[in-house]
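Taking the hints into account, I'd like the entire structure generated from these sequences.
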Amino acid sequence: MRGQRILGLAYLAPYIVGLVVFTAMPFLTSLYLSFTSYDLMSSPKWSGLANYERLFTRDRTFLKSLNVTLLYVFITVPLKLAFALFIAAILNYKLKFINFFRTAFYVPSILGGSIAIAVLWRYIFASEGLANMALGTVGLAPVDWFGDPTNALFTITLLRCWQFGSAMVIFLAALQSIDKSLYEAAAIDGAGKVRTFIFITLPLLTPVIFFNLIMQMVQAFQEFNGPYIITQGGPLKSTYLLPLYIYDEAFKKFNMGYASAIAWVLFVIIMGLTLVAFWSSKKWVYYAGDKRS
Amino acid sequence: MKTRYMLAALASAAVTTLALSTAVQAAELRMAWWGGESRHVATQKAAEACGVKHGHTVKGEFTGFDGYLEKLTTQMAGMTEADIMQVNWPWLPLFSKNGNGFADLRTLKGLDLANWTDADLAAGSMNGVLQGLPVSTTGRVFFFNKTTFDKAGVAIPTNWDEFFTATKAIKEKLGSDHYTFNAVKETAHLVTILAVTQATGKDMVDPATNRVAWTPEELAQGINFLGKLVESGAIRSQKEEAADGNVNLFEKPAWAEGRIAGSYEWDSTYSKYADPLKEGQVLEPVPMLKLAGAVTDGVYRKPSMVFSISKHSKDPEAAAEILNCLLNEPEGIDALGTSRGIPTSKAALERLGDSDKPEVRANKIVMASSGPVVSPFNEHPEIRGAFIDTLEEYAYGQIDADGAAEQIIDTVNDVLAKFD
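Protein sequence lines, in the order shown, are assigned to chains A and B. For any residue, its number in my numbering is found by taking its place in the first sequence, counting from 1, and adding 512. For any residue, its number in my numbering is found by taking its place in the second sequence, counting from 1, and adding 14.
Just so you know, nobody snuck in bad clues.
The calculated DSSO-like cross-link candidates involving lysine-lysine, where the alpha carbons are at most 30 Å apart (straight line), are: (1) A:Lys-705 - A:Lys-606; (2) B:Lys-199 - B:Lys-286; (3) B:Lys-432 - A:Lys-557; (4) B:Lys-199 - A:Lys-764; (5) B:Lys-253 - B:Lys-242; (6) A:Lys-576 - B:Lys-199; (7) B:Lys-73 - B:Lys-286; (8) B:Lys-378 - B:Lys-199; (9) B:Lys-85 - A:Lys-576; (10) A:Lys-764 - B:Lys-111; (11) B:Lys-432 - A:Lys-576; (12) B:Lys-266 - A:Lys-764; (13) A:Lys-765 - B:Lys-85; (14) A:Lys-576 - A:Lys-764; (15) A:Lys-764 - B:Lys-253; (16) A:Lys-764 - B:Lys-432; (17) A:Lys-765 - B:Lys-253; (18) B:Lys-216 - A:Lys-764; (19) A:Lys-764 - B:Lys-85.
By construction, these hints were calculated from the structure, which means they are not laboratory data.
If you want it as structure tokens, here you go:
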């Protein structure tokens, strides 16, 4: 019995070591560093709450970046989920070449996080890019996608929404697992497609919507590649998401302690919103067989 | 007979031991640098040639300029930096404020320091410790697309007044989508510095007080000059530039086609800007354009970069041999050529001789122009960030020139105060 226990621990050891060394230790170290002044080249110096005090009272860039980040998340996540569900619902029909379409719609999410796609996005929406050329062919005026601070964030948002594949696949799997007899019963009762979707499909999808909501929200808060490659946070910091600010403070300005403090504020925000989502889920997420429902 | 063999064996063993104790063992070294394609090719060839000569293996780790500082910072903090590193001169205070960030190059036997002047070595020293060997002296210089100017029938300007007249002519003859100049982000920052330095004769930082030497009024004039470049149609506005996303000038079709016909760049980057031009177009390095009443050319001249050796290197002597070969020995000099500008090393300069290459002409302009001694703080990341962010606010009409000048001076003084 003891031998088996040791063997089990031995099997687990690589994971535990990885978790401790590459996740837990950096996590706790960054918490410590957030209370220090640390320039990477010399030892950290304890500074108490100075970093947090500066963040909330004197740092206009942080407040701007926080606003931009929250706006980005609140636009991107619902848009992306709605789009993923819409496409999944279409791909749930038995169409010709359905497997090809499913693959084609999933591909962007495989490529999506890559630098190459961000570069491609930059060329598509540049002033003389494909998007404006397309507008020109139908007689519309070109749009200043990146130069106008109002449009720039929206253009970055589109990139994230375009990467809807992973959420779509999960929705598709959930749609296919819904009991067909429920639809048959609804049809017999005279329910149309829209009513069936609203009163049968959606409630049964709520656990998956909830899962996707949490995952997409966490990912959106960590967005980096798109704005870094396409706009570098500009113009006028209109796409300067918090991860870019953390990166600049840590690796361009050597303020590792301050960057850690921003990272912890971001962590608290993500954690807070996740807890709110879990708390609210009791009111809107339906689990089949759950006696509370 | 046996005794003779024994003595011979002992003698040869002693000689071998002595040789091993004095010669540097074959080592496997890492070398890191940033640059463009031509520099990458030249450096790989030079490293290989020097490796063969000295019996070491040199593995190159190279990238573009963007992201190099971040990579180097991470490696320095983790003590995993390459044995030989190309370090931007303004970064020396960041990595080696007290002169202990890199190996002390004076302690390494393989380097022939007689090839540098005392002033050169002082520029590579921090706190009196030699931390990096200057590779070349560089400066910002004007490049103009001669073909575009010829097409419009105007001469390449020799001062700012001629420049604005030429801009008008080019707009009229070639179209409003033609621009005579470019000034975005870092270049906008340095054009502003140029305008203020020409008018005042002062560098941004006063070495006596370690604070900004310019008054808000002087800096505001420099910012207004940037505004005049936009208003006259010489450069595209920041908004128009931002509309292309984050793209380098030399990657832009407008540059390749000659629709943007000039810029203010490092002399050593001539090839980077000349190579992408469409066939038949000629890029000319041009002497410093001066404002009316300028007290100096305002040249922004500095050691371009240094080569440093890691203080954590397992084979610092081997690294010194390779570094010496790259900068002072024929194998390295011939392969590197002018890929990092005109070399500072006397041996390299002598071997490469005089030439009429555009890079050489550009460097001669830099060396012949007048200007105050430039502080490395001009390129401190926070100071550069303050300039770029504020100039962007000015370009978007969120702040006027006077407000921008005061905002920049306050921020720069805050950063400088950290180094008191």
